[in-house]
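As they're listed, the protein sequences go chains A and B.
Numbering follows numbering that gives the first Met the number 0, in which position 158 of the first sequence is assigned residue number 157; successive positions increment by one, without gaps.
Numbering follows numbering that gives the first Met the number 0, in which position 29 of the second sequence is assigned residue number 28; successive positions increment by one, without gaps.
Worth flagging that the hints you see were computed from the coordinates, not collected in a lab.
Please note that a few of the clues may not be correct.
Unchecked claim - Simulated pairs of lysine to any residue, SDA-like, Cα-Cα distance not exceeding 25 Å:
| # | chain 1 | residue 1 | chain 2 | residue 2 |
| --- | --- | --- | --- | --- |
| 1 | B | LYS231 | B | GLY64 |
| 2 | B | LYS219 | B | ILE232 |
| 3 | A | LYS216 | A | ASN98 |
| 4 | B | LYS124 | A | LEU155 |
| 5 | B | LYS96 | A | GLN178 |
| 6 | B | LYS96 | A | LEU191 |
| 7 | B | LYS96 | A | GLN176 |
| 8 | B | LYS60 | A | PHE126 |
| 9 | B | LYS79 | B | GLN103 |
| 10 | B | LYS124 | A | ASN98 |
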Amino acid sequence: MTAESTSTYPNDWTIKYHRQFNLRRTLVGILGIAVVAYIVFLFATGNLQWSKTLAYLFDYRILTGVGYTLLYSVLAMVIGIAGGSLLAIGMMSRNIVWNTLSKGYVALFRALPLIILLLIFYNIAIFLPYIGFGPFQLNVNSVVTPFLAAVLGLALHEAAYMAEIVRAGVNGVNRGQSQAAEAIGMTYWQSLRSVVFPQATRLIVPPTANQFISMLKNTSLVVVIAGNDLLTVTKELYSNNFLTIELLFVAAIWYLVMVLIFGWLAHLIELRFNRGA
Amino acid sequence: MTDQMMKSHFLRVEHLDKWYDDFQVLSDVSIDIDQGEVICIIGPSGSGKSSLLRCVNNLEKIDGGRIYLEDELIGMAPYKDGFVRLDGPVAAGQRQKFGFVFQQFQLFPHMTVLENVTVGPIRVKGESRAAAEKRGRDLLDKVGLADRATSYPSGISGGQQQRVAIARALAMDPQVLLFDEPTSALDPELVGEVLKTIKDLAHAGYTMLVVTHQLEFAQKVADRVVFFDHGKIVESGPPETVLKSPQDPRTQAFISAIQTEV
Numbered sequence: 000m001t002a003e004s005t006s007t008y009p010n011d012w013t014i015k016y017h018r019q020f021n022l023r024r025t026l027v028g029i030l031g032i033a034v035v036a037y038i039v040f041l042f043a044t045g046n047l048q049w050s051k052t053l054a055y056l057f058d059y060r061i062l063t064g065v066g067y068t069l070l071y072s073v074l075a076m077v078i079g080i081a082g083g084s085l086l087a088i089g090m091m092s093r094n095i096v097w098n099t100l101s102k103g104y105v106a107l108f109r110a111l112p113l114i115i116l117l118l119i120f121y122n123i124a125i126f127l128p129y130i131g132f133g134p135f136q137l138n139v140n141s142v143v144t145p146f147l148a149a150v151l152g153l154a155l156h157e158a159a160y161m162a163e164i165v166r167a168g169v170n171g172v173n174r175g176q177s178q179a180a181e182a183i184g185m186t187y188w189q190s191l192r193s194v195v196f197p198q199a200t201r202l203i204v205p206p207t208a209n210q211f212i213s214m215l216k217n218t219s220l221v222v223v224i225a226g227n228d229l230l231t232v233t234k235e236l237y238s239n240n241f242l243t244i245e246l247l248f249v250a251a252i253w254y255l256v257m258v259l260i261f262g263w264l265a266h267l268i269e270l271r272f273n274r275g276a
Numbered sequence: 000m001t002d003q004m005m006k007s008h009f010l011r012v013e014h015l016d017k018w019y020d021d022f023q024v025l026s027d028v029s030i031d032i033d034q035g036e037v038i039c040i041i042g043p044s045g046s047g048k049s050s051l052l053r054c055v056n057n058l059e060k061i062d063g064g065r066i067y068l069e070d071e072l073i074g075m076a077p078y079k080d081g082f083v084r085l086d087g088p089v090a091a092g093q094r095q096k097f098g099f100v101f102q103q104f105q106l107f108p109h110m111t112v113l114e115n116v117t118v119g120p121i122r123v124k125g126e127s128r129a130a131a132e133k134r135g136r137d138l139l140d141k142v143g144l145a146d147r148a149t150s151y152p153s154g155i156s157g158g159q160q161q162r163v164a165i166a167r168a169l170a171m172d173p174q175v176l177l178f179d180e181p182t183s184a185l186d187p188e189l190v191g192e193v194l195k196t197i198k199d200l201a202h203a204g205y206t207m208l209v210v211t212h213q214l215e216f217a218q219k220v221a222d223r224v225v226f227f228d229h230g231k232i233v234e235s236g237p238p239e240t241v242l243k244s245p246q247d248p249r250t251q252a253f254i255s256a257i258q259t260e261v
C-alpha cells in the first residue's frame with residue numbers, strides 16, 4: 000500500500016514554499032510606490048499643457064527632425080565604422096608612419112569634446128576659405144553646410160571610438176589563429192580578411208550597437224550648428240510659441256522611443272552573435 | 000653548398016640560434032634531413048622543441064644560423080653585408096612548403112570542416128572552388144572524416160579536429176610536415192586515432208619533423224630520434240639507440256622519468 004502510493008505519487012517529496020509576511024519589506028515597497036506616485040502627481044499638476052505635447056508629437060516638422068536624427072546617426076556610424084577599421088589596421092601596422100598617425104588621430108579626436116568639433120567644422124570656412132590645388136579651387140563656405148559639418152563632426156569623432164573597438168576585437172582573436180593562417184601560406188592581409196576579421200566581428204558588433212545608441216543621443220549636439228535634427232526643430236518651434244517644456248517633452252519621448260527600439264535590436268544582435276561562441 | 004658534386008640534404012638546419020629577449024631557447028642547433036625521413040624530437044617541456052619547428056617554417060625570426068629547403072634559404076635573403084627577413088607573398092610562399100600542425104589544432108571556428116581544408120587552396124593558391132572541394136573531400140576521406148565535411152570544429156571531438164588540421168596542412172601539398180606536440184591537447188582515448196593518421200603519412204613517404212612525448216610512437220615511426228634539452232641537441236640517432244640505450248645521462252633520466260610516469 001505504502002510502496003504503491005510512493006510510486007504513483009512521486010510528488011510527495013516536493014516542497015511547497017510560502018512567502019511569509021515581512022513588515023520591513025512591505026514598508027520599503029510602499030515607500031517606492033509613494034515616491035513614484037508623488038512624481039506622477041507633480042507631472043500631472045505641473046504647469047504644462049499635455050494636449051499640446053500630444054498635438055506636436057506627430058507634427059511633420061518634428062517628424063522631419065526625427066528623420067534627420069536617424070540620418071545623421073546612420074551616416075556618422077557608417078563613416079565612423081569604415082574610418083575606425085582603417086585606423087585600427089593603422090594602429091596595428093608595423094609601418095611606423097601609419098602607426099603613429101593612427102594613434103595620434105585617436106588620441107586627438109577622443110580628447111576633443113564633440114561640441115567643439117561640430118563648431119569648428121561649422122566655422123571651418125573662416126579658417127580655410129578655399130581649398131584645392133592650382134586651378135581647382137573649392138569655396139568652402141558653399142560646400143560645408145550645417146548638414147556636412149554635422150556628419151563630419153559626428154563621424155570623425157566616432158571613428159576614434161570605433162578604432163579602439165575594432166582593435167580590441169582583433170586583439171581578442173587568439174594569436175594562434177593568425178599563425179595557423181600564416182602556416183598555410185596566407186599573407187598578413189589574407190589572414191586578416193579570411194581568418195581574423197570574421198572572428199573579430201563577434202567581438203566588435205555588440206559594442207558597436209551600443210555606440211549607435213549613444214550616437215542617437217549625441218546627434219542632439221548638432222543643435223549648436225542648427226543641423227535640422229530633432230532637437231534643432233524642437234528648439235525652433237518653442238522659440239516661436241513658448242511651449243518650451245511641452246516641446247522638450249516631445250523631443251524626449253522621441254529619443255526614448257528610438258533608443259528603446261534600437262536598444263532592443265542591439266540586444267537581439269548580441270544574442271545572435273553570442274550564440275556561435 | 001655551391002659544390003655540385005656534394006649531395007645536399009633536403010632540409011638543412013644549420014647552427015640555429017634563437018633568443019627570447021635575454022633567454023636563449025635554441026643554441027647552435029643543426030639537423031640534416033633527407034627526403035622521406037621522419038624525425039621525432041623529444042625532450043622536456045621548455046627545451047625549445049616547439050621553437051625549433053616555428054623557426055623552421057619562419058613563423059618566428061631566427062637570430063643565428065641558416066635554414067635551407069632544397070638549397071633555398073628560408074626566411075631571409077642576403078642584403079648588403081647582411082640579410083633582410085622575408086615577409087609578404089615571398090615569405091608566405093615559403094611557408095606553404097611546410098605543413099604545420101599545432102598542439103591546439105587552431106582550426107578556423109567560423110568555417111566548416113571542408114572550408115577549413117579548402118580555404119588555403121582557394122585563397123592562397125587560387126584554385127577553383129570545385130577542384131579544391133573535390134581534393135578536400137579526398138583528404139578528409141584519407142583522415143577518416145569524409146562524413147564530417149559540413150560540421151563545424153566546435154561540433155567534433157579533439158581527435159577529429161586534429162585530423163582535420165592534418166588534412167588542412169596536406170591540402171597545400173607541403174614538402175615537409177611539422178607536428179608540434181599533435182596529441183598533447185587530446186584526451187587519452189583520442190590520441191591513438193591521431194597517431195595512426197600521422198603514422199600513415201610517414202609510411203606514405205612524407206618528410207616529417209614530429210615533436211612528441213609519445214615514445215612508443217617515436218620508436219615505431221621515426222627514422223631518427225633527437226633528444227633536446229636546454230635548446231641544444233643532446234643526442235640523436237636511430238630510435239633503438241636513443242630510446243633503448245641512450246648514452247647521455249640527461250637522455251637516460253628523461254626517458255626513465257617518462258616511463259615511470261604511472
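TODO: Sort out whether A:ASN98 lies within 25 Å of A:LYS216, counting only the CA atoms.
DONE: 32 Å, violated
Open item on the list: B:LYS79 and B:GLN103 were given as a pair; does the straight-line alpha-carbon distance stay at or below 25 Å?
Closed with: 40 Å, violated
TODO: With a cut-off of 25 Å on the C-alpha distance, tell me whether B:LYS219 and B:ILE232 pass.
DONE: 21 Å, holds
TODO: For the pair supplied as a hint, B:LYS231 and B:GLY64, confirm whether the alpha-carbon distance does not exceed 25 Å.
DONE: 14 Å, holds
Open item on the list: What's the verdict on B:LYS124 and A:ASN98, does the C-alpha distance respect the 25 Å limit or exceed it?
Closed with: 31 Å, violated
Open item on the list: Check whether the Cα positions of B:LYS124 and A:LEU155 lie no farther apart than 25 Å.
Closed with: 39 Å, violated
TODO: Quickly compare the C-alpha distance for B:LYS96 and A:GLN178 to 25 Å and report which way the hint goes.
DONE: 15 Å, holds
TODO: Given the hint that B:LYS96 pairs with A:GLN176, test it: the Cα-Cα distance must not exceed 25 Å.
DONE: Measuring from Cα to Cα gives roughly 19 Å; hence the hint holds.
Open item on the list: Given the hinted pair B:LYS96 and A:LEU191, is their Cα-Cα distance within 25 Å?
Closed with: 21 Å, holds
TODO: Please work out if B:LYS60 and A:PHE126 have their alpha carbons no farther apart than 25 Å.
DONE: 50 Å, violated
Hint compliance for this structure: hints 3, 4, 8, 9 and 10 are broken, all remaining hints hold.
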